[in-house]
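The residues making up each chain are set out below.
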Amino acid sequence: MKNIYLVLIYFCLCCSFQVNAQSKVTLNGTIRDKVSGEEIIGATIRIAELPKIGIASNEYGFYSLTLDPGNYTFIVSYIGYDDLVEKINLQSTQSVKWTLQQKSQNLEEVKIVAKKEDENITQTTMGIEKINMKDIAKLPVLFGEKDILKTIQLLPGVKSAGEGNSGFYVRGGTADQNLVLLDEAPVYNASHLLGFFSTFNSDAIKDAVLIKGNTPAQYGGRLASVLDVKMNEGNDKDYHVAGGLGLISSRLSIEGPIQKEKSSFLVTGRRTYADVFLKTTEDFKDNTLYFYDLNAKANYRIDKNNRIFLSGYFGRDVLGFGDQFGINWGNTTGTLRWNSVVNPKLFSNTSLIYSDYDYNIQIQGDDIKFNINSSIKDWNLKQEFQYFQSTKSAWRVGLNLIHHALAPSRFEGDAEIFNSLNTVSRNSLENAIYFNNAYKFSNRLNVDYGLRLSSYTILGGDTYNVYEKGVKTESIVLAKSDLGKTFINPEPRISLTMQINSSSSIKTGYARNTQNLHLLSNSTSGSPTDAWIGNSYNIDPEKSDQVSLGYFKNLKDNTYELSFETYYKSMQNQVDYKNGADIETAPDVESELLFGKGRAYGAEFFIKKRKGVWTGWISYTLSRTERKIEGINENKWYNAKQDRTHDLAIVASYQLNERWSLSSNFVLYTGNAVTFPSGKYNIEGQTVYYYTERNGYRMPTYHRLDFSANYEGRQNRRWKSSWNFSLYNVYGRENAYTITFQDDPDDSTKTQALRTALFKWVPSVSYNFNF
Amino acid sequence: MNKIIVALFSILLLSNCTQVIDIDLNNSDPKIIVEGSITNEAGPYFVKLSKSVNFDQSNSYPPISNAVVTISDETIIDTLIEIKSGVYQTQRIQGVIGKTYKLNINVNGEVITASSTMPDLVPLDSITFLISEFGRGNNEKIYVPIPHFKDPISSGNSYRFKMTVNDTLDKTFFVDNDDLINGLEYQRPLFSNDRELKLGSTLLVEMQCIDRAIFDYFTSLNSSIGNGPGGGATPSNPTSNINGNAIGYFSAHTAQRKLVIVK
Numbered sequence: 039m040k041n042i043y044l045v046l047i048y049f050c051l052c053c054s055f056q057v058n059a060q061s062k063v064t065l066n067g068t069i070r071d072k073v074s075g076e077e078i079i080g081a082t083i084r085i086a087e088l089p090k091i092g093i094a095s096n097e098y099g100f101y102s103l104t105l106d107p108g109n110y111t112f113i114v115s116y117i118g119y120d121d122l123v124e125k126i127n128l129q130s131t132q133s134v135k136w137t138l139q140q141k142s143q144n145l146e147e148v149k150i151v152a153k154k155e156d157e158n159i160t161q162t163t164m165g166i167e168k169i170n171m172k173d174i175a176k177l178p179v180l181f182g183e184k185d186i187l188k189t190i191q192l193l194p195g196v197k198s199a200g201e202g203n204s205g206f207y208v209r210g211g212t213a214d215q216n217l218v219l220l221d222e223a224p225v226y227n228a229s230h231l232l233g234f235f236s237t238f239n240s241d242a243i244k245d246a247v248l249i250k251g252n253t254p255a256q257y258g259g260r261l262a263s264v265l266d267v268k269m270n271e272g273n274d275k276d277y278h279v280a281g282g283l284g285l286i287s288s289r290l291s292i293e294g295p296i297q298k299e300k301s302s303f304l305v306t307g308r309r310t311y312a313d314v315f316l317k318t319t320e321d322f323k324d325n326t327l328y329f330y331d332l333n334a335k336a337n338y339r340i341d342k343n344n345r346i347f348l349s350g351y352f353g354r355d356v357l358g359f360g361d362q363f364g365i366n367w368g369n370t371t372g373t374l375r376w377n378s379v380v381n382p383k384l385f386s387n388t389s390l391i392y393s394d395y396d397y398n399i400q401i402q403g404d405d406i407k408f409n410i411n412s413s414i415k416d417w418n419l420k421q422e423f424q425y426f427q428s429t430k431s432a433w434r435v436g437l438n439l440i441h442h443a444l445a446p447s448r449f450e451g452d453a454e455i456f457n458s459l460n461t462v463s464r465n466s467l468e469n470a471i472y473f474n475n476a477y478k479f480s481n482r483l484n485v486d487y488g489l490r491l492s493s494y495t496i497l498g499g500d501t502y503n504v505y506e507k508g509v510k511t512e513s514i515v516l517a518k519s520d521l522g523k524t525f526i527n528p529e530p531r532i533s534l535t536m537q538i539n540s541s542s543s544i545k546t547g548y549a550r551n552t553q554n555l556h557l558l559s560n561s562t563s564g565s566p567t568d569a570w571i572g573n574s575y576n577i578d579p580e581k582s583d584q585v586s587l588g589y590f591k592n593l594k595d596n597t598y599e600l601s602f603e604t605y606y607k608s609m610q611n612q613v614d615y616k617n618g619a620d621i622e623t624a625p626d627v628e629s630e631l632l633f634g635k636g637r638a639y640g641a642e643f644f645i646k647k648r649k650g651v652w653t654g655w656i657s658y659t660l661s662r663t664e665r666k667i668e669g670i671n672e673n674k675w676y677n678a679k680q681d682r683t684h685d686l687a688i689v690a691s692y693q694l695n696e697r698w699s700l701s702s703n704f705v706l707y708t709g710n711a712v713t714f715p716s717g718k719y720n721i722e723g724q725t726v727y728y729y730t731e732r733n734g735y736r737m738p739t740y741h742r743l744d745f746s747a748n749y750e751g752r753q754n755r756r757w758k759s760s761w762n763f764s765l766y767n768v769y770g771r772e773n774a775y776t777i778t779f780q781d782d783p784d785d786s787t788k789t790q791a792l793r794t795a796l797f798k799w800v801p802s803v804s805y806n807f808n809f
Numbered sequence: 256m257n258k259i260i261v262a263l264f265s266i267l268l269l270s271n272c273t274q275v276i277d278i279d280l281n282n283s284d285p286k287i288i289v290e291g292s293i294t295n296e297a298g299p300y301f302v303k304l305s306k307s308v309n310f311d312q313s314n315s316y317p318p319i320s321n322a323v324v325t326i327s328d329e330t331i332i333d334t335l336i337e338i339k340s341g342v343y344q345t346q347r348i349q350g351v352i353g354k355t356y357k358l359n360i361n362v363n364g365e366v367i368t369a370s371s372t373m374p375d376l377v378p379l380d381s382i383t384f385l386i387s388e389f390g391r392g393n394n395e396k397i398y399v400p401i402p403h404f405k406d407p408i409s410s411g412n413s414y415r416f417k418m419t420v421n422d423t424l425d426k427t428f429f430v431d432n433d434d435l436i437n438g439l440e441y442q443r444p445l446f447s448n449d450r451e452l453k454l455g456s457t458l459l460v461e462m463q464c465i466d467r468a469i470f471d472y473f474t475s476l477n478s479s480i481g482n483g484p485g486g487g488a489t490p491s492n493p494t495s496n497i498n499g500n501a502i503g504y505f506s507a508h509t510a511q512r513k514l515v516i517v518k
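Protein chains in written order, with the numbering used here: chain A, 39 to 809; chain B, 256 to 518.
Quick caveat, the hints were computed from the structure, so don't treat them as lab data.
Since this is a predicted model, take the numbers as computed values, not measurements.
Each residue gets a CB set at the ideal place from its N, CA and C atoms; glycine is no exception.
Please note: incorrect hints may appear among the correct ones.
[Stated by the list, open to error] Using 30 Å as the maximum straight-line C-alpha spacing, the simulated DSS-like pairs for lysine-lysine come out as follows:
| # | chain 1 | residue 1 | chain 2 | residue 2 |
| --- | --- | --- | --- | --- |
| 1 | B | Lys396 | A | Lys616 |
| 2 | B | Lys518 | A | Lys616 |
| 3 | B | Lys354 | A | Lys788 |
| 4 | A | Lys430 | A | Lys510 |
[What the hints assert, rightly or not] If you want the footprint, here are the derived chain A segments under chain B, 3+ residues with CB under 8 Å:
| # | segment |
| --- | --- |
| 5 | 722-729 |
| 6 | 778-792 |
[Stated by the list, open to error] Only some residues are given here: those of chain A computed to face chain B with a beta carbon under 8 Å:
| # | residue |
| --- | --- |
| 7 | Phe714 |
| 8 | Pro715 |
| 9 | Ser716 |
| 10 | Gly717 |
| 11 | Lys718 |
| 12 | Glu772 |
| 13 | Lys798 |
| 14 | Pro801 |
With the sequences and hints as input, model every part of the structure.
Take a look at the structure:
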């Protein structure tokens, strides 16, 4: 550990003592889409005269290049767009807005431009997956809903949390160890309808990036991954309407300028209507089951250098059985952001973020009626500076202040008993400061290093109990004005890229991550009522150290992209419920917890064909994830639930002609580790199962083939439409969703195992349009 | 949760298919199972000893004979007599509220011990019924019994209810405690997984005041057999108050009964 700090300090010194011998000039500005005016993230700028230099636009479409004065030919490129070539006589610092034109859909016209599509080779950060929203549109989907969370499950190192589930596991992490951000706001429950849909309406999404553990210093707070989702800004030139009709849901979005080329808005909504069918059946006419969500965003350019954004998300699930039982839950997020170009080399971003997740259960009997509420509310302030020092070095320095208010179950009802049950919400501060430097030592060697110093402080206003093996040993009363325990963690991150030749590179990295909020989940599928809990006098921050090494190669003029990555991750302070935990009535859930460590390691293979009529990829992961928790499995290492030895995904798309394209995907993975009985006995006439080992068994191997056909309708003036026909689970395999054990109903002297599968075939059709 | 999801998709009229499958489960060494209790009612009391079997064997559990079983308080050590294979009966000990009882078992040199304290008796006042049409399209009504009593001011009371419906014991293990309702009127319905009460059914409710360890035992037993709330917890053996190489329970509890007819 000490050595790493020394290395970091050394790098800092190297970089800051570089002397600029001659006066340089800076070119800066934004890169945007010509038609919609949307900023383009990650567009690359190269200079014909200086082939060694290449930079990319940042997450707000901003770029800054500092060069010697001279005549240059700039080449601006981005996947799916025509290259822009512009000659500039750069004598003084200036700002230039570049706009890129999307490539025409017509296949014949696609020119193979000799451009560097080798971002995967040259970029320093590893374990990063960019999700192209256009790729998503054509893949087969369940219920006709395209979904980024389900698409990322087809990538190496990412595993599905279960059949049809939008939950995912990254490199042996649990679902709560993924930081899911929507316009920088954390989304605490990223799924609808108990996991079958994600909260991300793909019509509203501009860009999504998944970082698998080697997170740059600007991100923090979760161990396994960061999924950074950005919403569209809204077209600032023309009004557009887009929408889709599916079997169980429909979508509509409207975007357009408020003031042309100065401000724009986007509003997107979605609602499922499966409950409409429910109403028609006699048995279920009183039941409700639906979700809706709404994304809205507006932005305003104050002047050339300043811009503000306001974006929000609101989503809700409603489930009800008659008027006796109802539950609804959802996320609300809001982001107010100010981008400012302080000077041509310094870019500033300030964000004020609100995020809320809550659920509400209503129970009504003949003479009793009450609600149970729970919520987690965050206020979050972020300030970041990006300093484009030179073509060799770029800096990020920032700070992040979060105020969490976690309210566990609160009862509200007419009966007096409820008042006695209520607990106050627990407040805490989660703060971080960080710096990150991307530095090019040479044409061959790039380094990206940084340090994040995170802290978590318990704020007063509640009593915290300390437990020793489930028995209370101490009570700590914190008055409202008191500050409780503070946890401080330095989190160093570094990654190195060594380019072997123009088409291959080796990357390696190390990152430490800490996590101060923990999700307590006792069920396999994740439930809306799973509780988030912060660090306390019993719970220490979870920590992980990940090292990874990868080899990246592009073949045949970047037609094929190949990668091989390995990782080893060790995790501390992992939280689990103890055996037979009483999670419903225990007055303090912390008495029911156990702590231990984890380790995960694996190898990920990935090959992708990016061009031609056939496109697609194969991803394969060989991995292992284990846990060791005092009090579980006789304190021995055991397979974590999310441990899967093999995980294979094959995705293929074929462009039949201008109108028709076909896509298919196949997934195969080892079943989850589960606990099955190794014996049985009898207690008062009831058969009880006897267990010998935690997660000592496997669910059956899961495999499934999906197929879809897409038809692009003829463009009629502005009106464009497309059809998507999908068949989920083509050969109707009954993949086990659960396996349960019971007495044989026909022969009480026997017991039997029952397998439940959710879907055999699920056909769906959806119609999409925009104008 | 899994149950809810499966139910949800049945609702959505999608094919969810349940099938009996063959599954290869490991064998385990037979484990000694202890079921023993002592109450404030007149004796004799019984201790049952049996063994676990492998999953694929039939549901007949070999009784353990020729064990030496004693139940003792501060003054008496009562040696139990095996009245039939695996069933042991006390001879003279009498359960008294507030006393701690020790169980001692010797099975071929294997020593098993347990202890349990009999809590105070909380009087059961009455049984009423909640009428539910939950999830039913026709007009058939389901009656769910609600025991009523006043939980004492002191905290830490745990309860167990046994229901016998028309002379058949309901297999559900109903247990509860006063963590959330200390000192208040108890009125929680007993939702059964096993039997349904209809108009005219005869119901016998036995209410037991149990100690916390027995509450923990039955709660964890329920969650491991999927009867607990959620049903999706990682299954494990219940937390037992038996020491030694055995599982099961030894409970000193009070008992009282009420017989009602559903009307």
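Original post:
Would the pair B:Lys518 and A:Lys616 pass a check requiring their Cα atoms to be no farther apart than 30 Å?
Top reply: violated, 43 Å
Subject >> Hint validity - A:Gly717 Cβ closer than 8 Å to any chain B Cβ >> reply: holds, 4 Å
Original post:
Should the hint that A:Phe714 touches chain B count as held when the rule is a Cβ pair under 8 Å?
Top reply: Cβ of A:Phe714 sits 6 Å from chain B, so the hint holds.
Subject >> 30 Å limit on alpha-carbon distance, applied to hinted pair A:Lys430 and A:Lys510 >> reply: violated, 57 Å
Original post:
When the nearest CB of chain B is found for A:Pro801, is that gap smaller than 8 Å?
Top reply: violated, 11 Å
**OP:** Would you mind confirming whether the straight-line C-alpha gap from B:Lys354 to A:Lys788 stays at or under 30 Å?
**Re:** violated, 41 Å
Original post:
With 8 Å as the cut and Cβ atoms as the points, is A:Lys798 at the interface with chain B?
Top reply: Nearest chain B Cβ about 5 Å off; hint holds.
Subject >> Cβ contact check, 8 Å cutoff: the segment 778-792 of chain A against chain B, three residues minimum >> reply: With 10 residues in contact (Cβ-Cβ under 8 Å with chain B), the coverage given for the segment 778-792 of chain A holds.
Original post:
Taking the least C-beta to C-beta distance, is A:Ser716 closer than 8 Å to chain B?
Top reply: The hint holds - A:Ser716 has a Cβ within 8 Å of chain B, the shortest such distance being about 4 Å.
Original post:
Hey, B:Lys396 versus A:Lys616, does the alpha-carbon distance stay inside 30 Å?
Top reply: The given pair, whose Cα atoms are some 39 Å apart, is violated under the 30 Å limit.
Original post:
Does the segment 722-729 of chain A contain three or more residues whose Cβ lies closer than 8 Å to a Cβ of chain B?
Top reply: holds (count 8)
Subject >> Interface hint status, A:Glu772 versus chain B (Cβ within 8 Å) >> reply: Holds, because the Cβ-Cβ distance from A:Glu772 to chain B comes to roughly 6 Å (cut-off 8 Å).
Hints 1, 2, 3, 4 and 14 from the earlier list are contradicted by this structure; the remaining hints agree with it.
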